[in-house]
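Asks: One-letter residues, chain by chain:
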Amino acid sequence: MAYPNDRKYSSDHEWLLVEGDEATVGITDFAQDQLGAVVYVDLPAQGDSFSAGDAIGEVESVKSVSEIYLPVSGEVIAVNEALTDNPGTINEDAYDEGWIVRIRLNDPSEVDALLDAAGYEASLG
Amino acid sequence: MPEQNTVTINRGPRETIYDLSDAGKRCLYVDADPALPAVDPVARFGQYAAAEPPALPQVNEVEIMRHYAHLASMNFGVDVGMYPLGSCTMKYNPRSCEDAARLAGFAELHPAQPAQSVQGALRLMHELQTDLGEIAGFPAVSLQPAAGAHGEYTALMVFRAAHAARGNVRRKVILPDTAHGTNPASVAMAGYEVVQIASTPEGLVDLDALRAALDQDTAAFMLTNPNTVGIFDPNILEITAAVHAVGAYAYCDGANLNAILGVVRPGDLGFDALHINLHKTFATPHGGGGPGAGPICVTAELSPYLPGPLVQHVDSAEDSYQLSYPEQSIGRVRSFYGNFGVMVRAWTYIRALGGQGLRDAGQQAVLSANYLRCRLQDAYRVAYDRICMHEFVLSGSPFAKAYGVHTLDIAKRLLDYGFHPPTIYFPLIVDEAMMIEPTETEPMDALDAFADALLAIADEAARDPEMLHNAPWTTPVRRLDEAAAARTPDLCWQAPTADAHGSR
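Listed in order, the protein sequences are those of chains A and B.
Just so we're aligned, residue 1 is where the first sequence starts under the numbering used here, counting upward by one.
Just so we're aligned, residue 1001 is where the second sequence starts under the numbering used here, counting upward by one.
Because the hints were derived from the structure by calculation, they are not lab data.
Note that CB positions come from ideal geometry on N, CA and C, so glycine has one too.
Some clues are possibly wrong.
Which residues of chain A face chain B? A partial, calculated answer using Cβ under 8 angstroms [stated by the list, open to error]: (1) Pro4; (2) Val39; (3) Leu43; (4) Gly88.
Residues from chain B that keep clear of chain A, each with C-beta distances beyond 12 angstroms, as calculated [claimed, not checked]: (5) Pro1034; (6) Tyr1425; (7) Asp1445.
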């Protein structure tokens, strides 16, 4: 499994690709593998605001339903509507086409507390 | 051992009943003209009259019999083989209970009959209320809820009514992360907010986490005890005391009552309400959407809020069994009297076994589970390695890491050995979980055959992972694409076109 070095990770298995005061958020390759085939994604609405640690939506697989946590605070500026019709994109391409939301960060320094790729991989044991 | 190239004859899915249809085929030819009166549907039903007759299949009787007998032969049930589905308690249902439910005096009653004409049925319901209350340790019982989850919902509504009667509307209900999925669903249905707390590494309630979550806004704490990893929580008295200390109610999900039957009464553990799955613990058929029953038992304090009707016994010459509706009742939760046929079976089961027999059944269920756990503990990883209650959880994670063989593959391969798989991927806190509950009804030979099958599959995982990825090999349908079924379900039969209607 791959964990690209260009982004940050949370211990709840989300990734953040930060560009200025914006970030794209998805779930990691490990998370999609654990979930198994994703059959439904419950997405937030554009404009929704969340605090760090809030659940912003759900990923449902043939095994279980899991919440997606936003590890930093921010406002949703885009959601990946394509997942509604093709939720399996999360399994096929978790780091690119399978992105979930794009947010505007309230405080870009919150990102500093997140894990880097090596730290995340180490946390998986 | 089933081989992957085993040929099975005539077991696969065939045509639908509509494919067998031809115009003019009939079942029974009656040599008479019954001279039915003509009915004008439009005059009678107006805009609701159908423009055309329904597209029903036209089939010979022998074709119908063979069609449905074939479908039944493709099904797997507890009458076919062992069904060790953890927490679901799929045990064999004695035929004596079925006989009782089919007695004409029960089976042919009409629910709208006046109470004085169904005194025997009401007496049975009254005795079942009393028996369940005695077994569970509660003074009041409602037989109304039609399933376990319905019982959870009903009890939460009773809690809500009791809080409201004190002018004390509370917003949240706390659950451990081992809870059955129905628990949070019932909480949401009852209008409460779900608060989940993490379990300890031993799979028990984390008392500190519970105390931290409990506050004056907590309406209830729901707990399955023994829990879904098959462990009886030793801190249960402290747990219920902590819940009561903030004025909240303690709810027991009774799905696992089987394990403590005749040994422990949930009412003595400080619980305020409990549902009992008659279709699990008291051996009535379930699964496949058949009727169940989830009676709830409550404390005297909560009894005024129970849904009606309850059956009460009054001393009088005639109709001494009467229906009553508690004064502050939350109202009906089910039409008429609940699933009466299920109650007849449960009453029969309880009376047949008696007190000692029920206790023996519970202890046998625990013994069977521990026997299997010990036979499997070397080849599989036991998630919580200790003496268990009626069920235990294995983790398939070593096979996933070493061979890429997942619990789903193992479960599918069990079908080739003639066993229904256990509950898999639940509880969620165990990686690659397999939750096994043999129940007290499986004989020693069946327990051994099941253990032998799982041990053989463990060997196969090391030798031939690819074969397991493609299992099952011998079933009427092979590995199903669950993701496609969930993403793009196709649930509707398409009617033939007008030209083809009634013929091929």
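Asks: All hints are to be evaluated individually against the structure, with a verdict given for each.
Replies: Here is how each hint holds up against the structure:
Interface hint at Pro4 of chain A: violated, since its Cβ lies 23 angstroms from the closest Cβ of chain B, which is beyond the 8 angstroms cut-off. Contact between Val39 of chain A and chain B, as hinted, is supported at the beta carbon level, the nearest pair being about 4 angstroms apart and thus within 8 angstroms. For Leu43 of chain A, the suggested interface contact is broken, since its CB lies about 16 angstroms from the closest CB of chain B, more than 8 angstroms. At about 7 angstroms, the closest approach between the beta carbon of Gly88 of chain A and any beta carbon in chain B falls short of 8 angstroms, and the interface hint on this residue holds.
The Cβ of Pro1034 of chain B sits about 52 angstroms from the closest Cβ of chain A, beyond the 12 angstroms cut-off, so the non-interface label holds. Interface exclusion of Tyr1425 of chain B from chain A breaks down, the closest Cβ pair being 4 angstroms apart, not more than 12 angstroms. Listed as a non-interface residue, Asp1445 of chain B keeps its Cβ farther than 12 angstroms from every Cβ of chain A; the least gap is roughly 33 angstroms.
Hint compliance for this structure: hints 1, 3 and 6 are broken, all remaining hints hold.
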